[in-house]
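Participant: Residue numbers (our numbering), protein chains in the order written: chain E, 18 to 246; chain R, 4 to 88.
Check each hint, because a few of them may be wrong.
To be verified - Computed list of lysine-lysine pairs in DSSO-like fashion (alpha-carbon distance at most 30 Å, straight line):
#, chain 1, residue 1, chain 2, residue 2
1, E, Lys-160, R, Lys-26
2, R, Lys-47, E, Lys-40
3, E, Lys-82, R, Lys-26
4, E, Lys-82, E, Lys-95
5, E, Lys-116, E, Lys-82
6, R, Lys-48, E, Lys-160
7, E, Lys-116, R, Lys-76
8, R, Lys-26, R, Lys-48
9, R, Lys-48, R, Lys-76
10, E, Lys-40, E, Lys-95
11, E, Lys-95, R, Lys-76
12, R, Lys-24, R, Lys-48
13, R, Lys-47, E, Lys-95
14, R, Lys-26, R, Lys-47
15, R, Lys-47, R, Lys-76
Stated by the list, open to error - Residues from chain R that face chain E, not an exhaustive set, calculated with beta carbons under 10 Å:
#, residue
16, Ser-11
17, Leu-13
18, Thr-14
19, Asn-31
20, Arg-54
21, Glu-60
22, Ala-72
Don't read these hints as lab results, they were simulated from the structure.
Idealized CB from N, CA, C, for every residue including glycine.
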Amino acid sequence: MGAIQNKVAGPVSDELALVQAAKRGDDSAFEELVRRYDRNVFRIAQHITQNREDAEDVVQEAFLKAYGNLAQFQEQSKFYTWLVRIAVNEALMKLRRRKPERTVSLDEDIKTEDDSLPREIADWSPNPEQQYTQAELREILSKTIQGLPPGFRTVFVLRDVEGLSTEETAAALELSVPAVKSRLLRARLQLRERLSRYFQRREPGNGKADSARGEDVKDKDVASGDGNP
Amino acid sequence: MKCSEFLSELTSYLDGVLDEKTKAELENHLSWCHNCYVVCDTTKKTIEIYRDSQLYELPEDLRSRLRSAIMTKCQQQRRRGPQSV
C-alpha cells in the first residue's frame with residue numbers, strides 16, 4: 018500500500034510576478050489571481066461555514082481584504098497561503114456570528130481522547146462510491162464532514178482536499194506543525210469511521226445490504242461535533 | 004510494533020514522509036495485522052474520495068458574478084484610498 022498522491026496545485030512560478038504587478042496597480046493581474054484561486058477559496062469557505070451564501074461572502078471579502086492589504090504582503094510566503102489565511106479567518110468569523118452560543122476557534126481544546134481510535138474495522142466494498150448516485154454521495158460526504166469540529170475539518174480540507182503541505186497548513190491556520198499533524202490524523206480517522214457506515218462491504222444474503230442501502234441518506238445519524246443540526 | 008504505534012504513524016505513512024526503517028516496520032505490521040491493514044486502506048480511500056469528490060464546486064455563472072463584483076469593489080476601494088479597508 019503506497020502513499021496517497023496529492024492533487025498538484027496550479028502553477029506558482031508566475032504567482033509572484035502577478036502579485037508584484039497587482040501591487041503596482043495592475044488590476045488585470047489581480048483579476049488573474051482571483052481567477053486562479055476563487056474556486057479553492059469557495060471550497061474552503063463552504064467547508065468551514067457549511068453555508069453557501071456565507072461562502073460567497075467569504076470569497077468576496079477575502080479577495081477584497083487581500084487587495085486592500087497587498088502592500089503589506091511580504092512575499093516571503095506564497096500568496097495563496099496568505100490568501101487562505103485571510104479566507105479561513107473570514108469564514109470562522111461568519112461561523113461565530115451564526116453560532117454565537119458556541120466559541121468557534123481553531124485553538125479550542127477538542128476532547129478526543131479515544132474517539133479517533135477505530136471501533137469499526139469492517140472492510141469496504143471495492144468501489145464504495147459507486148454504490149451511490151453522485152447526488153447521494155455528495156450528501157453523504159457533506160454530512161459526514163459537517164460532523165467534525167471546525168478545527169478538524171479545516172485542517173483536513175486544507176491538507177487533503179486542497180493539497181497544502183503540513184507547513185503551509187500550519188502557517189495558514191497559525192498552528193504548530195505537530196498540532197496540524199495530530200488534528201489531521203484524528204480528522205482522517207473520524208471521517209473513515211463515519212464513512213464506514215455507508216461503504217462497508219455487505220455480505221450477500223444477510224439482509225444487511227438491503228436494510229442499509231434502502232435507508233434514506235438524510236436519516237443517517239452523523240455525530241455532530243460543533244452543534245450543526 | 005503495536006497497533007497503537009502503527010496508528011500514530013499512519014498519517015506520515017500515507018503522506019509518504021517516513022524514513023525507510025519506520026516504513027519497513029509499518030509494512031511488516033500491515034502484512035500480518037488485518038485490522039490495521041483495513042484501517043490504513045479505508046483511510047486512504049476516505050482521503051481519495053474527498054479529494055476527488057468535487058464537493059462545493061463553484062458554478063461558472065456564480066463564479067463570473069463573484070469575480071466582477073470583487074473587481075468592482077476593488078476599484079471602488081482604490082478610489083476611496085487605502086484607509087477604507
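Participant: Report the numbers of all earlier hints that the structure fails to satisfy, in ascending order.
Facilitator: Numbers 1, 2, 3, 9, 15, 19, in rising order.
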